[in-house]
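S.K.: Now that you have both chains on their own, put them together as the hints suggest.
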Amino acid sequence: MKRTLQAINKLKEKGAIGDYAIGGAVASFFYVEATLTEDLDVFIRIDSRKDEIVTLSQLFDSLAEEGYKEFKKEGIIIDTWPVQFLPATTELEIEALKKANKKIIEGEEVKVLSAEYLMAICIQVGRAKDKIRLDQFLSEKCFDENFFYDIINRHNLTERYNKIKKVFEE
Amino acid sequence: MELTKETCLKIKEERRKQLRQLSIDEKIRRVEELRNRVEPIRDLRRKRTDKPSVSEER
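Chains as they are written, first to last, in the working numbering: chain A, -14 to 155; chain B, 52 to 109.
Treat the hints as calculated values from the structure; they're not laboratory data. Just so you know, not all the hints are guaranteed correct.
Unchecked claim - Simulated crosslink set (EDC-like; lysine to aspartate or glutamate; CA at most 16 Å straight-line):
(1) A/-13 x B/84
(2) A/58 x B/94
(3) A/-3 x A/32
(4) A/57 x B/90
Please read all numbers here as calculations on a predicted model, not as lab measurements.
One chain only, chain B, in its complex shape (with noise of 0.2 Å):
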């Protein structure tokens, strides 16, 4: 099959169908298995973003 942009369009049109068409349990499982990896990255920069600088801590 040739990887035109129509074909890249029909894939991923087709893949998001099936996502629409998952349970909602499976959704929801899915959306927790990102949570768990992406969260702590967020924490981390959270944590960057709230700390004092240099001269707040002086």
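In isolation and in its complexed conformation, chain A is listed as follows (with noise of 0.2 Å):
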């Protein structure tokens, strides 16, 4: 991992990306216990105008140029994890990652989603595997719980939530 995050580090320096922060499963190790992934998830900030179409070919190229160049499924192989870079896109997005805290992992500085803003990235993209990562933070209760309302109403996600949370207690 220590290579991959370095790798991510120099693209930042040689502005390849801007702001970045690590989202998805491996941010969540931070704050609920780990479970098993393919990949990491980078959230990058792209700087683009509404209707301009966003392409990630100068990432791919300053990652060619260092000699990263397999894919594995939509993830490009960096040392040994495969890694995600997500656009962000929406409003919740674009403000979880203004919000990202600086961490360390494995000497490295790097920004990380905060729990709240994970959780409600979950509840809003939604699949399976998000519900089930939800349903770990709510139980471990490891998150700030007034934070966390106030984003999921700001980003109207309050209905949302409590249909999942329904199906949790059921």
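M.R.: What follows is the structure, given as structure tokens:
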């Protein structure tokens, strides 16, 4: 993981990506019990106008220069980890990225999404594995409830959250 | 110690608590170790699923 993170930090230094933050399963390891994951999710900020098509060509060109060309499913393999670069596109993702916290993984400084935003993104995406992760956060009570409810209220996710929670309680 | 359902649940909860309290580096190390064991099996399964059937090969 260390070399993967070093490569990502190098991309930022070179300007191939702007601000970034780790999300998904790896980010959740900071707050809940670790689970098996296939890849590393990295949210990146893309500065583009609303009518522009977002491409990651500059990013992939920079990675190719470093010798990273192999893909596995949706991720590009950097060292041993397939990395999925996800442009932050929704209001929620953009806000989550802005408020990400600095953390250290294997001696590398990285930014990581907070527990409350990870939970809100789980609700927004809503796949089975997101619901399982949300349940982990809820049962391990490792988040600020007021902050979480504020986020889901502002991003119109409360109704969806209540539906998921109802299923958990059944 | 008698192994009742309650004792098992207590042991399980204690174990999960220990796993939650591991450092981030240790969690990642364990996940990487597990991935190294699981990935070859997943890759094999993918290859088998992606392999064209006899009729497709023709």
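S.K.: Please flag the earlier hints that this structure goes against, numbers listed from lowest up.
M.R.: Result: no hint breaks.
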